[in-house]
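Be aware that the sequence shown starts at 1, since it is given in UniProt numbering, and climbs by one per residue.
Be aware that a few hints might be false.
[Stated by the list, open to error] Quick list of in silico lysine-lysine cross-link-like pairs, DSSO-like style, CA-CA up to 30 Å:
hint : residue 1 : residue 2
1    : K63       : K15
2    : K198      : K63
3    : K164      : K127
4    : K165      : K243
5    : K42       : K15
6    : K161      : K88
7    : K165      : K198
8    : K63       : K164
9    : K42       : K63
10   : K15       : K27
11   : K88       : K165
12   : K90       : K161
13   : K243      : K88
14   : K164      : K90
15   : K127      : K165
16   : K27       : K42
Bear in mind the hints are in silico, worked out from the structure with no lab data behind them.
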Amino acid sequence: MADLYGRNAVREALKSEADLQHISLAKGARHGVIEDIRRLAKTAGVPVREVDRRVLDRRFPGKNHQGVAATLAELAYVEWEDIVRRAKAKGEAPLILLLDDIEDPQNLGAIMRSVDAFGAHGIIIPKRRAAGLTEGTMKAACGAGEHVPVARVANLVNTLKALKKEGFWVCGSAADGTDMYDTDLTGPLVLVIGNEGKGMGRLVTETCDFIASIPIGGQVGSLNASVACGILLAEISRQRRLKR
1 MADLYGRNAV REALKSEADL QHISLAKGAR HGVIEDIRRL AKTAGVPVRE
51 VDRRVLDRRF PGKNHQGVAA TLAELAYVEW EDIVRRAKAK GEAPLILLLD
101 DIEDPQNLGA IMRSVDAFGA HGIIIPKRRA AGLTEGTMKA ACGAGEHVPV
151 ARVANLVNTL KALKKEGFWV CGSAADGTDM YDTDLTGPLV LVIGNEGKGM
201 GRLVTETCDF IASIPIGGQV GSLNASVACG ILLAEISRQR RLKR
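Generate the whole structure from the sequences, applying the supplied hints.
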(Lines of atoms letter the chains of each structure in order from A and count residues from 1; the text may use other names and numbers.)
(Lines give C-alpha, C1' and ligand atoms only; values in the text may rest on other atoms or scores of the structure.)
Protein backbone atom coordinates (compact mmCIF):
# COMPACT_ATOMS: atom_id res chain seq x y z
CA MET A 1 0.00 0.00 0.00
CA ALA A 2 1.06 3.63 -0.49
CA ASP A 3 -0.02 6.88 1.09
CA LEU A 4 -0.87 10.18 -0.55
CA TYR A 5 -1.32 13.41 1.40
CA GLY A 6 -2.33 17.00 0.76
CA ARG A 7 -5.62 18.47 -0.43
CA ASN A 8 -4.82 18.97 -4.10
CA ALA A 9 -3.00 15.65 -4.45
CA VAL A 10 -5.92 13.67 -3.00
CA ARG A 11 -8.50 15.62 -4.98
CA GLU A 12 -6.63 14.99 -8.25
CA ALA A 13 -6.35 11.30 -7.40
CA LEU A 14 -10.13 11.15 -7.00
CA LYS A 15 -10.68 13.02 -10.26
CA SER A 16 -8.43 10.61 -12.12
CA GLU A 17 -10.30 7.62 -10.64
CA ALA A 18 -7.19 6.27 -8.94
CA ASP A 19 -7.63 3.08 -6.94
CA LEU A 20 -8.05 4.60 -3.47
CA GLN A 21 -8.73 2.30 -0.53
CA HIS A 22 -9.92 5.02 1.83
CA ILE A 23 -9.45 8.68 2.73
CA SER A 24 -8.57 10.08 6.16
CA LEU A 25 -9.68 13.61 7.09
CA ALA A 26 -8.71 15.54 10.20
CA LYS A 27 -11.70 16.06 12.51
CA GLY A 28 -13.29 19.45 12.02
CA ALA A 29 -11.70 20.07 8.62
CA ARG A 30 -14.18 22.10 6.58
CA HIS A 31 -12.00 23.82 3.96
CA GLY A 32 -13.66 24.23 0.54
CA VAL A 33 -11.29 21.70 -1.03
CA ILE A 34 -12.07 19.24 1.78
CA GLU A 35 -15.77 19.46 0.95
CA ASP A 36 -14.91 18.86 -2.69
CA ILE A 37 -12.96 15.76 -1.64
CA ARG A 38 -15.94 14.52 0.38
CA ARG A 39 -18.21 14.96 -2.64
CA LEU A 40 -15.85 13.24 -5.06
CA ALA A 41 -15.24 10.39 -2.61
CA LYS A 42 -18.97 9.83 -2.18
CA THR A 43 -19.46 9.72 -5.94
CA ALA A 44 -16.56 7.28 -6.34
CA GLY A 45 -17.65 5.12 -3.42
CA VAL A 46 -14.38 5.66 -1.54
CA PRO A 47 -14.79 5.40 2.26
CA VAL A 48 -13.97 8.56 4.23
CA ARG A 49 -13.04 8.43 7.89
CA GLU A 50 -12.37 11.29 10.29
CA VAL A 51 -9.31 11.00 12.51
CA ASP A 52 -7.59 13.16 15.07
CA ARG A 53 -5.10 15.49 13.38
CA ARG A 54 -2.36 13.99 15.55
CA VAL A 55 -2.89 10.67 13.75
CA LEU A 56 -1.96 12.34 10.46
CA ASP A 57 0.95 14.16 12.13
CA ARG A 58 2.36 10.77 13.18
CA ARG A 59 1.82 9.27 9.72
CA PHE A 60 3.56 12.15 8.00
CA PRO A 61 6.09 13.60 10.47
CA GLY A 62 7.28 17.03 9.40
CA LYS A 63 5.00 17.05 6.34
CA ASN A 64 2.26 19.53 5.51
CA HIS A 65 -0.56 17.01 5.12
CA GLN A 66 -3.24 19.76 5.27
CA GLY A 67 -5.57 17.49 7.20
CA VAL A 68 -6.14 14.97 4.43
CA ALA A 69 -4.56 11.70 3.33
CA ALA A 70 -5.48 8.77 1.12
CA THR A 71 -4.36 5.16 1.08
CA LEU A 72 -4.06 3.76 -2.42
CA ALA A 73 -3.06 0.51 -4.00
CA GLU A 74 0.63 0.08 -4.73
CA LEU A 75 1.53 2.42 -7.56
CA ALA A 76 2.09 0.52 -10.76
CA TYR A 77 4.83 1.03 -13.31
CA VAL A 78 4.28 0.38 -16.99
CA GLU A 79 6.52 -1.05 -19.71
CA TRP A 80 8.28 1.49 -21.93
CA GLU A 81 6.58 -0.14 -24.91
CA ASP A 82 3.23 0.87 -23.38
CA ILE A 83 4.31 4.51 -23.44
CA VAL A 84 5.24 4.25 -27.12
CA ARG A 85 1.88 2.65 -27.93
CA ARG A 86 0.06 5.38 -26.02
CA ALA A 87 1.81 8.08 -28.05
CA LYS A 88 1.16 6.39 -31.39
CA ALA A 89 -2.51 5.87 -30.50
CA LYS A 90 -2.84 9.64 -30.15
CA GLY A 91 -1.40 10.18 -33.61
CA GLU A 92 1.30 12.46 -32.18
CA ALA A 93 5.07 12.53 -32.59
CA PRO A 94 6.12 10.53 -29.53
CA LEU A 95 7.96 12.41 -26.79
CA ILE A 96 9.43 10.40 -23.92
CA LEU A 97 11.54 11.62 -21.03
CA LEU A 98 14.39 9.42 -19.83
CA LEU A 99 15.90 10.29 -16.45
CA ASP A 100 19.50 9.27 -15.86
CA ASP A 101 19.67 8.67 -12.09
CA ILE A 102 17.50 11.53 -10.79
CA GLU A 103 17.75 10.90 -7.05
CA ASP A 104 15.51 13.53 -5.45
CA PRO A 105 11.80 12.60 -5.22
CA GLN A 106 10.94 16.31 -5.25
CA ASN A 107 12.68 16.66 -8.60
CA LEU A 108 10.92 13.61 -10.01
CA GLY A 109 7.55 14.95 -8.85
CA ALA A 110 8.24 18.36 -10.40
CA ILE A 111 9.33 16.69 -13.64
CA MET A 112 6.08 14.74 -13.74
CA ARG A 113 4.19 18.04 -13.54
CA SER A 114 6.15 19.38 -16.53
CA VAL A 115 5.59 16.17 -18.50
CA ASP A 116 1.85 16.49 -17.94
CA ALA A 117 1.81 20.23 -18.68
CA PHE A 118 3.72 20.07 -21.96
CA GLY A 119 2.20 16.95 -23.45
CA ALA A 120 5.03 14.43 -23.18
CA HIS A 121 3.83 10.85 -23.20
CA GLY A 122 5.71 9.29 -20.29
CA ILE A 123 8.89 8.87 -18.29
CA ILE A 124 11.54 6.15 -18.15
CA ILE A 125 13.66 5.75 -15.01
CA PRO A 126 16.29 3.20 -13.95
CA LYS A 127 15.43 0.54 -11.39
CA ARG A 128 18.42 1.36 -9.20
CA ARG A 129 20.03 4.51 -7.77
CA ALA A 130 17.08 6.72 -8.63
CA ALA A 131 13.91 8.17 -7.16
CA GLY A 132 10.75 6.17 -7.77
CA LEU A 133 7.02 6.51 -7.26
CA THR A 134 7.11 7.16 -3.54
CA GLU A 135 4.61 9.19 -1.53
CA GLY A 136 7.09 12.10 -1.56
CA THR A 137 7.23 11.98 -5.34
CA MET A 138 3.45 11.86 -5.66
CA LYS A 139 3.04 14.77 -3.26
CA ALA A 140 5.52 16.88 -5.25
CA ALA A 141 3.69 15.94 -8.47
CA CYS A 142 0.50 17.62 -7.16
CA GLY A 143 -1.79 15.20 -8.97
CA ALA A 144 0.24 14.85 -12.18
CA GLY A 145 1.42 11.46 -10.98
CA GLU A 146 -2.02 10.06 -11.69
CA HIS A 147 -1.77 11.04 -15.37
CA VAL A 148 1.88 10.37 -16.31
CA PRO A 149 2.94 6.75 -17.02
CA VAL A 150 6.35 5.78 -15.65
CA ALA A 151 8.44 2.81 -16.76
CA ARG A 152 11.39 1.35 -14.85
CA VAL A 153 14.15 -0.40 -16.77
CA ALA A 154 17.24 -2.34 -15.80
CA ASN A 155 19.57 -0.74 -18.37
CA LEU A 156 19.13 2.77 -19.74
CA VAL A 157 21.56 2.37 -22.62
CA ASN A 158 19.91 -0.82 -23.91
CA THR A 159 16.52 0.88 -23.64
CA LEU A 160 17.74 3.87 -25.63
CA LYS A 161 19.08 1.57 -28.34
CA ALA A 162 15.72 -0.21 -28.50
CA LEU A 163 13.92 3.13 -28.79
CA LYS A 164 16.21 4.12 -31.65
CA LYS A 165 15.11 0.98 -33.48
CA GLU A 166 11.54 2.22 -32.99
CA GLY A 167 12.42 5.39 -34.88
CA PHE A 168 13.25 7.73 -32.00
CA TRP A 169 15.99 10.33 -31.93
CA VAL A 170 17.75 10.64 -28.58
CA CYS A 171 18.48 14.16 -27.36
CA GLY A 172 20.67 14.59 -24.33
CA SER A 173 20.85 17.76 -22.25
CA ALA A 174 24.08 19.42 -21.14
CA ALA A 175 25.63 22.86 -20.91
CA ASP A 176 28.08 22.17 -23.75
CA GLY A 177 25.41 21.10 -26.25
CA THR A 178 23.90 22.95 -29.21
CA ASP A 179 21.59 25.83 -28.34
CA MET A 180 18.09 24.36 -28.01
CA TYR A 181 16.71 27.16 -30.20
CA ASP A 182 18.95 25.94 -33.03
CA THR A 183 18.01 22.27 -32.57
CA ASP A 184 15.14 20.50 -34.32
CA LEU A 185 13.11 18.87 -31.55
CA THR A 186 9.95 18.09 -33.51
CA GLY A 187 10.31 14.40 -34.44
CA PRO A 188 9.88 11.24 -32.36
CA LEU A 189 12.12 12.12 -29.46
CA VAL A 190 13.61 10.80 -26.24
CA LEU A 191 14.79 13.68 -24.05
CA VAL A 192 17.45 12.66 -21.53
CA ILE A 193 17.85 14.57 -18.26
CA GLY A 194 20.94 13.74 -16.22
CA ASN A 195 21.66 13.37 -12.52
CA GLU A 196 21.33 16.49 -10.35
CA GLY A 197 25.05 16.70 -9.71
CA LYS A 198 26.91 14.59 -12.28
CA GLY A 199 24.68 15.08 -15.29
CA MET A 200 24.35 12.26 -17.81
CA GLY A 201 26.56 9.21 -17.50
CA ARG A 202 29.24 8.58 -20.09
CA LEU A 203 27.55 5.62 -21.79
CA VAL A 204 24.19 7.40 -21.91
CA THR A 205 25.87 10.49 -23.38
CA GLU A 206 27.58 8.39 -26.05
CA THR A 207 24.22 6.85 -26.99
CA CYS A 208 22.60 10.25 -27.62
CA ASP A 209 22.22 11.39 -31.24
CA PHE A 210 22.74 15.01 -30.24
CA ILE A 211 22.95 17.24 -27.16
CA ALA A 212 20.83 20.34 -26.55
CA SER A 213 21.67 23.13 -24.13
CA ILE A 214 19.70 25.94 -22.53
CA PRO A 215 21.23 29.38 -23.13
CA ILE A 216 21.55 30.99 -19.71
CA GLY A 217 23.41 33.88 -18.14
CA GLY A 218 23.95 34.76 -14.54
CA GLN A 219 26.79 33.84 -12.22
CA VAL A 220 25.76 30.30 -11.30
CA GLY A 221 25.70 28.88 -14.81
CA SER A 222 23.50 25.87 -14.07
CA LEU A 223 19.89 24.97 -13.38
CA ASN A 224 18.08 22.50 -11.16
CA ALA A 225 17.31 19.28 -13.09
CA SER A 226 13.54 19.72 -12.89
CA VAL A 227 13.76 23.38 -13.95
CA ALA A 228 15.97 22.50 -16.92
CA CYS A 229 13.54 19.75 -17.87
CA GLY A 230 10.60 22.15 -17.81
CA ILE A 231 12.40 24.68 -20.01
CA LEU A 232 13.40 22.04 -22.57
CA LEU A 233 9.91 20.55 -22.67
CA ALA A 234 8.45 24.04 -23.16
CA GLU A 235 10.75 24.61 -26.15
CA ILE A 236 9.87 21.22 -27.61
CA SER A 237 6.19 22.06 -27.24
CA ARG A 238 6.73 25.46 -28.91
CA GLN A 239 8.55 23.94 -31.89
CA ARG A 240 5.89 21.29 -32.37
CA ARG A 241 3.07 23.83 -32.30
CA LEU A 242 4.85 25.92 -34.92
CA LYS A 243 5.39 22.89 -37.13
CA ARG A 244 1.71 21.96 -36.94
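Holds or violated: K165 to K243, with C-alpha atoms at most 30 Å apart: holds, 24 Å
Between K165 and K198, does the CA-CA distance stay at or below 30 Å? With Cα atoms ~28 Å apart, K165 and K198 stay inside 30 Å; holds.
CA of K164 to CA of K127, is that 30 Å or under? holds, 21 Å
Is the Cα-Cα distance between K42 and K15 30 Å or less? Roughly 12 Å between the alpha carbons, so the hint for K42 and K15 holds.
Compare the distance between the alpha carbons of K63 and K164 with 30 Å, and conclude whether the hinted pair is satisfied. Roughly 42 Å between the alpha carbons, so the hint for K63 and K164 is violated.
Can the restraint linking K127 and K165 be considered satisfied, given a maximum Cα separation of 30 Å? holds, 22 Å
Would you check the hint for K27 and K42, treating anything up to 30 Å between C-alpha atoms as holding? holds, 18 Å
Just to be careful, I want the Cα atoms of K243 and K88 compared with a cutoff of 30 Å; is the pair within it? holds, 18 Å
Do the alpha carbons of K164 and K90 lie within 30 Å of each other, as the hint requires? holds, 20 Å
Straight-line Cα separation of K15 and K27 no greater than 30 Å? Measuring from Cα to Cα gives roughly 23 Å; hence the hint holds.
Would the pair K42 and K63 pass a check requiring their Cα atoms to be no farther apart than 30 Å? Roughly 26 Å separates the two Cα atoms, so the pair holds.
Please work out if K161 and K88 have their alpha carbons no farther apart than 30 Å. holds, 19 Å
Going through the hint list in order, the structure does not satisfy hint 8, though it satisfies all others.
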